[in-house]
Each structure stands twice: as structure tokens, then as C-alpha cells.
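Undergrad: Chain by chain, the residues run as shown.
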Amino acid sequence: MLLQLTVSGIAQGALYALIALSMTVLYRATTIVNFGHGDFVMGGAFIVYVAVIFFGLPFALAAIASIGLMFVLGLAVSRGFIDPIKTGPHIGFAMMSISIGYVLRGGARTLWGREVLPMPRVFDIEPIFVGGVVITGDAMIICSTVALLLVVFFLIFYKSQLGVIVQAVFQSERGATLVGIDVRGFHETMWGVGLAMGAIGGILIAPISLLHPDLGASFLIRGFAAMTLGGFGSLWGAVVGGLVLGLSEQYLGAYVSTALIDITAYLVIIIVLVIRPAGLFGRQVAVRV
Amino acid sequence: MSRSPNQVTSVLAGVCMLAAVGSVHADETTGLTDTSIKVGVMGPFTGNASSYSKAEIGLIAYFKHINDQGGIHGRKFEIIQEDTTCEPAKGIAGAKKLIHQDQVFYLHGNSCSGVAMAVKPTIEPTGIPWIVAHAVNQDISKPPTKGIFHGVPAGPAYGTAMGKFVMSRPGTQRVGIITHTNDWAKNYCEPASEFMATKGVKPIVEVALERGQTDATAQVLKLREAKLDFILGCLYEAETVVFLRDAKRYGLRVPVMGTAGTDLENTLARLGDKDAVKDYYVLHAYIDNVDGPKMKAWNDIVLKYYPDETITGFSTISMASGVAAVKALEAAGRDLTRSKFIAELDKIKDLDTGILACRITWSADDRHGCKESAVAGFVNGKPTVLSGWNKPL
Amino acid sequence: MTESTANPRPGVARFRCVYYLAPVLALAIPFIVNEYLQFMANAVLVYILVTLGFNIVIGNLGQLAFANTAFFGIGAYTSAILMTYLGFPYVLAVVAAAVTGGIAGFLASVTALRGIRLYYLAIITLAFGELLRWVYLHGDKITRGSDGLLVPQPYFFGIAMDSETPKFYVFLLITVLVVKATSNLMRSRVGRAIVAIRENEAATASLGIHTARYIVLAFVWSGAVVGIAGAMFAALTGRVFPESFGLTEVIVHFGMVLVGGTSSIVGSVIGAVTLTALPEYFRQFPGMSELFFGIVIILVLLFLPKGLASLLARISPRFNERYYLD
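Protein chains in written order, with our numbering: chain B, 1 to 289; chain D, 1001 to 1393; chain S, 2001 to 2326.
Keep in mind that the hints were calculated from the coordinates and are not lab data. The C-beta atom is built at its ideal place from N, Cα and C for all residues, glycine as well. Warning: the hint list may mix true and false statements.
[Said to hold, decoys possible] What the simulated footprint calls covered on chain B by chain D, stretch by stretch (three residues with Cβ under 8 Å from a Cβ of chain D suffice, anywhere in the stretch; the number is not a length):
no., segment
1, 96-104
2, 169-181
3, 254-262
[Unchecked claim] Pairs of lysine-lysine, DSBU-like flavour, derived with a Cα cap of 35 Å:
no., chain 1, residue 1, chain 2, residue 2
4, D, LYS1304, D, LYS1274
5, D, LYS1227, D, LYS1202
6, D, LYS1296, D, LYS1064
7, D, LYS1382, D, LYS1347
8, D, LYS1347, D, LYS1202
9, S, LYS2141, D, LYS1164
10, D, LYS1202, D, LYS1278
11, D, LYS1274, D, LYS1164
12, S, LYS2306, D, LYS1199
13, D, LYS1038, D, LYS1076
14, D, LYS1278, D, LYS1391
15, S, LYS2141, D, LYS1142
16, D, LYS1202, S, LYS2306
17, D, LYS1371, S, LYS2141
18, S, LYS2180, S, LYS2306
19, S, LYS2141, D, LYS1227
20, D, LYS1164, D, LYS1227
21, D, LYS1164, D, LYS1038
22, D, LYS1227, D, LYS1294
23, D, LYS1202, D, LYS1248
24, D, LYS1327, D, LYS1038
25, B, LYS86, S, LYS2141
26, D, LYS1294, D, LYS1142
27, S, LYS2306, D, LYS1146
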């Protein structure tokens, strides 16, 4: 049983890692935590559903369309909603991202209201059996996607020119502008990237969880917990945090009580922020006066 | 404050209410005109329980159908929908609006038990008739009050049907439970456990699966370890799918008894895998399969007024109490009052609604109109109504 | 520095009399509305206190602490439990709710004191609220879990609060008292210190002010106010459910604070009224409530970042409260 729980834990954890990773990328690039990210994940999934069911597109094409559309939406969000409130208090960003998420959720609910929809699958891979342990096709796809994205972003952030820009903007926007970096364009692009990653998440998650407007909510909190555990802003941390969270849920659920699965994320958040706020890989977080 | 378009009406209503010297008794013909009967339909039309409002949609379609047939003694239903979003505070506001502002003749609806219990203190003192058409908590209509009627099997009826089916399988000894931790699930699993206890069988293991969870590995593994004969599954639609999928995946091949919150056709459609559902049973309150010949006329009524609606196991359940209500309204005659309506409802005995497997019986001492439910399962790959283990109806 | 409530702007002190007029006018409400609208008026009063309390931490102290539903829920459950199991009269139940709310506020302040800020504080306070909700759900021996805890009829000094009208007068009294007390607090030295901490914590500390003390005080006061609101909520709805105190609720609270404006008590009142009353008006358009909520907030953030109260300030500068510092 332990082995199966571990495999499941890693599979679930990879989902959380995916969400955490996309939020971290956005945070690294813009210092904004996107509280509405869960709804963007749901949005990406819904676009694929509409494309496949109503427009009859083949799945691969629909997935690409969704990622593309969400990228464009990211650009629009940044330019139209985030940029104008830049001079306001930081809490404004939080509320704006939540509100945009609400609009997406409300729109999805108005269009699909009462139904819980089955989501077409990406690829149909048969599960592998190793001894008595089942490894599902979904798990393998998600894990490989997360690993791939991790490598891609690691290369971007640490090995490329773009990564230097990211660091520069993160440290000082004004300074970056002074040396000629198009900060606004950069922000827009990164919002697009963040949302596109969200769409990827939605496409992978929706076949497992079924498609409904509240899809995003539970994943958002898990994403936060993963980011907190791993340390805000750390790519590695997001992934490791997600995996640890997934494993913790499985172990606590099986060995202590299934009632704990729901609040494992919250316990993790509280324990980490009380004991070691920087998380596993994060930087110094506390403000000392 | 809100600039309600009904400000004038509410002022007049307020004055009239003051004139009634602070008492809250319902007026006998409130909500009636020469040509209309105002009925207030509460339901979770939006929000995360919105799939359950299909029941209210079916009911409203039935009312519209009656209107098209000429109404009742020259009066047509004027339907006022109120969205509770399955939240108590919104439900209370909606109930108050229907009773005190829209001034409806009677109330008919409610899918969410939590909301129904929350609005009961608002509704009960007024004595206004209220037919609960979907929510299952038995405490809504028990002990009986002046105007509250339960038009679907209440918790114990459903739970007992579940327990009976489980025990009808020969040699059932080891039973496990997987459930949500909310009152909806308790309304099913608790009476089921109680029934089984009377037969000397107690659940060996109980695991919780919460709404929104997409993985049931821990739960399935725990159940698998217990080597069970039967499992009670008190879960909503999406979580049932998650559980059955994971059960097949990890080799948990034990019959599962579900609730009235899911139906076989849609579960299969969502899972896409006949093998995963072959041991799944649900409560089936109807006399035929959802797409069976006896249900066709009813499904057609729903589709006539809501052409985009997908017919599921919820669509026609509230229409049965609608049939009963219409029967009572007709029996009360042209000279309709709330008391007469309630009296006629209490006279209904063994009413075959053409929809429910049970026959509705109401009396002033017992407002649980429906006490039985059948069970449905897959027999040779086809959903079939069963009266017991391996016993098609 | 002397503690003075005298206002350098002449006429504003006299103008403040307008604020006292509102509750007096409100006394007439039960005579002109039906039971449904009265219920909504009561709900508005509850949410005025919710928004007021939340604003102390988010607006005045400027911390992103989302523990509001935690305070709200604790106040509701405390009063409900004491009334149900120990037969407390309503006044004592409300006081007890304020106490437990204040304790919860103290707990929430601990993380802020340790230097947790911004998103971390937001997340840990959200987690705190959700944890409490889990406790309400699973502590069902006492809280009755998801069945909801039935609140017995509250008695206010012998008067039965059995319909919306007596509830209104009790709520109005409580609201006026709490608003006045909070207003006095915020216009005093304590309030100024709290706002100073928001503006520049280091500078404030360097002036010799014990920032820790004032941070804790802000959280405790906020917790107490929202705890009282929770007790009112319990009396309003008659049955206390765990689901009423989740994430969606805290977002509604946040919305009220932002729409009204973080800088003034008038703002809190406006925000509470707007986001409680308007969605009811939109009942006739089902499905729109989420869309409506999101769009309103977006519009306010884009075009009226200081909230609706700033509209009032443009009409008449006399609406500028003393701590309306920008």
C-alpha cells in the first residue's frame, strides 16, 4: 500500500507542482501572486472543450488553440487591468486577479450552468503495472510535462539573457527601465506565459477532475501551499513543494484519517510559515522592524 | 439600499401587515387572482450545486405544460423563481422575498437540505403551504407542521432502500462506507447504516472523500484492505466518478451502493468505461429507466420548454409532487384558499404519479409522502430497475 | 502631542452631525418596508460591522490579513453555542463573541508580528480561516457540523427577537455603538499610530512608538468587531453552517472594503450597503451574481481606486475624515 500511495502522491503532487510552477513564473516576473489562477486553469480547459465539441477540432489543435488564446488573454489582462493599477496599493493586484477569475467563472457558469461535463483526453495511454502498483497514463504525462517545463524555465531563468532581464525587473523596475528594458512589454509577455501555463494545467487536469466552473478553487490553495512550502519565487521549490504536498495528503489520508486530506494544504501553510517562513528553498521573507 | 421596483407594493404590503397587528398568519387567498396562482420555486439555479436545480426546471416545465392545457379552473401558474445558490443566507432572503414581497400562494421546490432547514423557521410560522420537491432531510417535514409537505422520499426512506438492497445480497457481512462529511451524505448513509444494524451488520470501515477532491487513492486502498462485501457510496456525481475510476484502477471490485444524487447513464457517460460501473447501484425513485418508455412523455415535457436541457436522473423527480399539487388544486375547486389546498393535499392517498416508484400518501400526521425507492444497476450492460439483488423489476 | 478630537477645518465638526442623523432616520425603516426588505436591512447592518472590522486591518493598518471569516465564524459559533447549551441571553452572547473574536485576532497578529507580510500573511490567514472551518465541520458533537447549529430565539433584555423588526433595533443599537467606538479609536492617538505604521513602519518605530503593541491592538479590535458581527449573523440567519465562513465569503468581505474605500468609515458603510443590497436587486438575473461581482470590483479598481467614498469626497470635501490621508 505504501508504494501505491507514493505513486499516487507523486501524480497528485505533480498537478500541484504544475499550478505552483505557473504561479511562481508569474511571481518571479511581476511580483504579483495571481489569486485568480485557478479560474484561468479552468478557462483553458473550457476553451479546449468548446473547440473539440462545438467546432469539431482535433484535440491537439484545440489544445494549441487554447494555449494560444490564453496567452493572448494574458497580454490583455496585463495591459488592460494590471498596468493601470500599478500605482495603487499592492492589495489591488490581489483583488484584480480574483475579480478577473470571478468573471471567467461567472461566464463559464452562465454558459454551461447546470452540467458537469466529461473532458476529452489528451492521449490515452494504458497504465503500467509494476508489481502490485499501478502507474496511470495521466500520471506519467503530467509528471513528464512538469519535468519538461521545469527544465525549460530553469534554462530560461538561469542560463539565458531573458533570465537576466527577469532578475533585473524583479529587483528594481525603475532601474530596469533606466537601462532600456521594456518593462511593460516584458510584464505583458510574462502574464501571457503564466496564463498559457495555466491552460496547459487545465488541459491536463480536466480529464481527471471533470469539467465544471469551480475546478480551479481547490487547486489554487494547493498551489499556494506548494509555493509556501518550497519558498516563494523558487522554481525548484514549487515543484518540490507540490510533490511533498501530494505525498503528505496521501500518507495522512491513509494512515491517520481521510478527513485530513482536505486540510493538509492549510496545515502545511501554517506550519511552514510559523517555523520557517522562507520555505525550503526561498529567500529571507520576514520584515524586521 | 436597493431601489426595488416594487417599492410601492412593499409600502402597501407593509401597511397591510401593520394593520394585521403584528401577527404573521397567512392570508387565505394571497397570491391568487381570478386568472393566476402565484407559486414560488426555490432552487440552487446557480452556484456549485446547480446541477441539482434540474429538478426545479422539470417542475417548472410541468407547470407551464399545465398552463398550456388551460390551467386549473381558469387559473394559470405564475411562476416566480428564486435562486438559493445552495447557501442558507441567500435562501432565507429568497424565501422572505417570495412570502412577503412577491406574496405567492404557495411554495414548491428546494433541492438543498441545508437551505431548506435554514428557511424552515421563516416559512413555518406563516402557515404557507410548502411542498419540498427534492431535498431529502426528513426533519424538514417531521414533526408535521401546518403547511409543509415532503414530495420525494425523505432520508430514511432512501437510506433504508439502500440498506435493504445491500442486505438483499446473500451473505453480506463486511460493509464499508465512503462518504462526504456533509449533511446531504449523512441523510443517506446514516439511515442506511441504521437499517443494516437491525440486521446485525455494522460497517467495518468508513472513509471520507470531500467535494472537489480528484483523487481517491487513499480511500480506495483502505477499503481494499478491509476485504468488503459491499460499499455504501454517499457521494455527489463528480466524486462518484473519481471513486469508481480509482476503484477499478486499484483493483477494488466490490459492489457499491450509491444514492439518489447520481444516475447510471450519466455516471457511465462521464467514466466512459462500462467495466468500471458494472458493480455500481443507485437509488432509483422512478418506475422506469430515465430513458425508458414510461418516462418519455415526462422527458418530452421538460424538453418542450427547455430544449437545451440534458435529461438526467434529476429532471423529472420534482414533477411527481407537481402532479400531486395540481391534483389537490383541482380538487379544491374554483373557490381556492390555502387551507383548502392543504386539506386536499392531506387527502391524497396512494397516488400513482406516473413518475415515482412509490405512491404518494399524505396525512396531517405524516407528511412524508413517499416511503420507498427502487434501486437500479447495470444488468448485461443495460441500466435496469431492480427490486433486490439480481432481481429485475 | 495632545489627544484632541478638535478639527482644524471649521465646519467639519458641525458637519459630522450628519453622521448621527443617519441612525435616527433609520429608526423609521421598519415602518415602511416589508419583512423581506427588513431582512436585507438587517443583513446590511451585519455587513457594515464586518467591513468596518476588516478595514481596520486592511485599510488602516494596511496589512493583507484575510482572517476576517475566521473572526466572523468564531463570533457566530461562540454566540450560538453559548445560547444553545448554556442559555446565555443575547447581550452576553454578543460580548462573548467579541471576546473570542479578539482572541482570534490576537492569534492572527502573532504571524504579523513575526514579520510575515504581504502574500505570506494573506495565505496564512486564509489557511487559519479554513482550518477553523474544518473544526466547525468536524467538531460536530458541539457544532452539529454540516447540519448547522440551530440558534435558539435570542432574548435582548427580555425582548424576544422573533421577527425582523426587533432584530433591526437591536442590530442598529449594536452597530451604532461599535461604529462610534471604532471611530473614536481611529481618531485618537491609537488610530494615528496604526496609520503611521501602515505608512512607514521603520520610521514609526524610530519615533519610539511600540509598533508591536499597536499591530496587536488593531488585530484584536478587528477580531472583536467582526466577532460581534458574527453574533449578529447567527441571530439573523437562525442557523449557523460551516460553509458560510469559507473562501468565497472572505472575498465578498474584501470586495466590500475595496468598493467602499479603505480610507474612511463612511466608505465601509457604503461598501457594505452596495455589495449586500445590489446583488439582491440582481436576483432577477440568475447566474449573474459572480459576473456582476467581478465586473463591479474591476471597474472600481480601474476607475475609482479609492472606492465609492472618494466620489463623496469629490462632491464635498467635508467628507474627508481625519485619517483620510491621501
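Undergrad: Which constraints among the numbered hints does this structure fail? Numbers only, ascending.
TA: 1, 2, 7, 8, 12, 16, 21, 22, 25 and 27
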